[in-house]
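Build out the structure end to end from the sequences listed, making use of the hints.
So you can see what is in the structure, the chains are spelled out below.
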Amino acid sequence: MAPRILALTAMALLLAGCAAPPAQSITPKPVASPAPTAVIDVPRQSSEIAPVEQVAAPVRIQIPSVGVDISIAPVGIQPDGFMEIPENITVAGWYQYGSSPSSDTGSTVITAHVDDFIQGLGPFSRLASMPAQAEIIVTTDDGVDHRYQLESVQNVQKAQVPLDQVFDRDGAPRIVLLTCGGQFDENVRQYSDNVVAIANPL
Amino acid sequence: MRNKIFAGVAAGAIAAVGVAIPANAISDTTADLYVLHAVPGLTVDVYVNGELTLDDFEPGDLAGPLDLPADTYTVAITASDAVDDSAPAIGPIDLTLEANMSYTAVAHLDESGDPTASLFTNDLSTVAAGEGRLTVRHTAAAPAVDVLANDAVAFENLSNPDEVKADLPVGTISAAVALTGTTDPVIGPADVAIAEGVNTIVYAWGSASDDNLTLAVQTIDGLHSNPTGVDAGTAGLAADNNNGILVAGLGGLAALLALAGFAATRLSAARAAK
Chain A
0 MAPRILALTA MALLLAGCAA PPAQSITPKP VASPAPTAVI DVPRQSSEIA
50 PVEQVAAPVR IQIPSVGVDI SIAPVGIQPD GFMEIPENIT VAGWYQYGSS
100 PSSDTGSTVI TAHVDDFIQG LGPFSRLASM PAQAEIIVTT DDGVDHRYQL
150 ESVQNVQKAQ VPLDQVFDRD GAPRIVLLTC GGQFDENVRQ YSDNVVAIAN
200 PL
Chain B
0 MRNKIFAGVA AGAIAAVGVA IPANAISDTT ADLYVLHAVP GLTVDVYVNG
50 ELTLDDFEPG DLAGPLDLPA DTYTVAITAS DAVDDSAPAI GPIDLTLEAN
100 MSYTAVAHLD ESGDPTASLF TNDLSTVAAG EGRLTVRHTA AAPAVDVLAN
150 DAVAFENLSN PDEVKADLPV GTISAAVALT GTTDPVIGPA DVAIAEGVNT
200 IVYAWGSASD DNLTLAVQTI DGLHSNPTGV DAGTAGLAAD NNNGILVAGL
250 GGLAALLALA GFAATRLSAA RAAK
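First to last, the sequence lines map onto chains A and B.
Residue 68 in numbering that gives the first Met the number 0 is what sits at position 69 of the first sequence, and the numbering runs on without skipping anything.
Residue 18 in numbering that gives the first Met the number 0 is what sits at position 19 of the second sequence, and the numbering runs on without skipping anything.
Hints listed in this document are in silico derivations from the structure and should not be mistaken for laboratory results.
By construction, the Cβ of each residue, glycine as well, lies at the ideal position given by its N, Cα and C atoms.
Hints may be right or wrong, so weigh each one.
[As the list claims (entries may be wrong)] Heads up, incomplete: computed chain A residues facing chain B, CB under 8 Å, no partners named:
id, residue
1, T36
2, V51
3, Q53
4, A56
5, F81
6, S124
7, T138
8, V160
9, R168
10, L177
11, F183
12, R188
13, Y190
In structure tokens:
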């Protein structure tokens, strides 16, 4: 208690001193320095942990002109580094690490086996016979139908397939349909070519 | 035929390049610099070579990338109401940035709790298809830690200001940080996504003694690689020249089916060609 009284007394004395008329100062009042502004606008973001954005996955592909209407399953990579493809030749595989029809950029890559010893020829064997500008409809799991128009369908020797373009993630949105074709080597049971169909959004 | 093929593929390529947005702006003459503010409770300004570059930068904020010519830059971090960089709270420090590299400069606490700054190099080398990279950086006022992934020790004895990293299959891991030799998390567990082709950089920051340890996450994408190829057929039924295709192992019925399918394909292909 005593210190507080002392403090109050001291304050009163100080106030009394201030009450005397101050000498006129000729010193100009300082002007507050304007806060500097940043020279460039650097993008900023929070570094908090954010949930992963899930893109809508394609679940069905229809190509009415050649009677293709099959389901699509998400696939990844085989241990040997090749793209995984569903065993069932009537199911197409979507390369889930790449773009989806809902992505703003990049190629949606959809592949199915052209054939199988037991199952015979698959629906994707008909990619090669798609008419010019064939319509391709890919449905995503959010119920949206994405419509595309065939730009080209080509046979490309497997060693020459530009995989960085097929699996492009930054370019204009499109779909790339892949299967096998060309000549068949009985010894290694492999085709010489990939059939590569490219279609652009309608 | 093949020339036409390549024309088609090339046209697609040009279309792709037209709108390409590089994930990283680095080049043979420039570097990317990110800046992370990991000092709790202190809003700051960041000056680069004497010029205010980040105004009112809040704890937990991540800025960048700044695409800067390869050079040495002087960075000073001041209180947010400073009028220039003459009385920095951290620094000034000289950061030497090499071309074609990506860096994150982090303002953080050292192990004993004093503000400091560290320059980390972000590993942008490509990862295998189907994998992502996890980098963990210790920028907290805390002793050495173990990093737990899905309840098991993934990285041992990580000290401020060091980092560890590994390429992992795509997925979500439950990440936690425990003081080395213990298993009781001081941070987390928190779900951290390992996304394909992405370097997910997790920072432990804050102060153990102030009980505000937490995680910050920075992601840099575009490190993906492509599948080796696409092998989409095993029977030869769709071959252009299938000499002997029917000899190997096909039963009668399968052979008939195959023949029918093959004929149909050839016919429609012929039609398409016209």
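Practice task
Hint by hint, work out which the structure violates, then give me just those numbers in ascending order.
Solution key: The structure breaks hints 3, 4, 7; every other hint is satisfied.
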